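Next come the chains, spelled out residue by residue.
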Amino acid sequence: QKEVEQDPGPLSVPEGAIVSLNCTYSNSAFQYFMWYRQYSRKGPELLMYTYSSGNKEDGRFTAQVDKSSKYISLFIRDSQPSDSATYLCAMSATSTGGFKTIFGAGTRLFVKA
Amino acid sequence: IAGITQAPTSQILAAGRRMTLRCTQDMRHNAMYWYRQDLGLGLRLIHYSNTAGTTGKGEVPDGYSVSRANTDDFPLTLASAVPSQTSVYFCASSGESNQPQHFGDGTRLSIL
Chain A
1 QKEVEQDPGP
11 LSVPEGAIVS
21 LNCTYSNSAF
31 QYFMWYRQYS
41 RKGPELLMYT
51 YSSGNKEDGR
61 FTAQVDKSSK
71 YISLFIRDSQ
81 PSDSATYLCA
91 MSATSTGGFK
101 TIFGAGTRLF
111 VKA
Chain B
1001 IAGITQAPTS
1011 QILAAGRRMT
1021 LRCTQDMRHN
1031 AMYWYRQDLG
1041 LGLRLIHYSN
1051 TAGTTGKGEV
1061 PDGYSVSRAN
1071 TDDFPLTLAS
1081 AVPSQTSVYF
1091 CASSGESNQP
1101 QHFGDGTRLS
1111 IL
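Here the protein sequences line up with chains A and B, keeping their order.
Residue numbering for the first sequence follows the numbering used here, starting at 1 and increasing by one per position.
Residue numbering for the second sequence follows the numbering used here, starting at 1001 and increasing by one per position.
Heads up, some of the hints might be wrong.
[What the hints assert, rightly or not] Simulated coverage check for chain B against chain A, where a stretch passes if three residues somewhere in it have a Cβ under 8 Å from a Cβ of chain A:
#	region
1	1069–1077
2	1099–1107
[As the list claims (entries may be wrong)] Label-pair restraints from in silico Cβ distances:
#	chain 1	residue 1	chain 2	residue 2	range
3	A	8	B	1108	40 to 50 Å
4	B	1017	A	22	34 to 44 Å
5	B	1018	A	28	21 to 31 Å
6	B	1017	A	39	22 to 32 Å
7	A	8	B	1112	37 to 47 Å
Quick caveat, the hints were computed from the structure, so don't treat them as lab data.
Bear in mind that the values here come from a model prediction, so they are computed numbers and not experimental data.
C-beta atoms are modelled at their ideal positions from N, C-alpha and C, and glycine is treated no differently.
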């Protein structure tokens, strides 16, 4: 079983829709939970991160962490064509030699105008 | 503009050749990382450095080496390139190893 599972999509939605992106994980030691956005031929860009559990909101984006279910989500409200990208979840925990960060494989999102 | 600079942006290389991918950051971050990104496999850690003067092996280190002589630079070397090393390579950094990472825009490398 992979430590982090993420549906690769693609996910196609109309402009203005609410988008829900999700990841599940197996390692209960994960402490930091992150979401990255990656446009084609660009590097991943950090969108949001949370420590431990709970919600965090930034504009149209909301990140949720449910440690009891080992499940994290990213919600995008009023989605725009410019939100079309690949979204990567990532999680980190202490490990021998420092911290270990594991990335999901990414979900491709298309927002149609 | 503060961030991570990677060079070259793309390269085609003959198998057996030696290649160094360059990475420079100006954020004074202690930790730096090299990943490769392949379709269906996501980001895989090659090597990392928690602070200048130290390095460690990641998930897929074979065939690659790194050095960290100072805070800003973290070059990745392929001693003798093989076709399976064809990939997009990303350099990243974070203030400390437990903090979220920031990425460069990558080097697209093709080994023929």
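(request) Report the numbers of all earlier hints that the structure fails to satisfy, in ascending order. (result) 1, 3, 5 and 7
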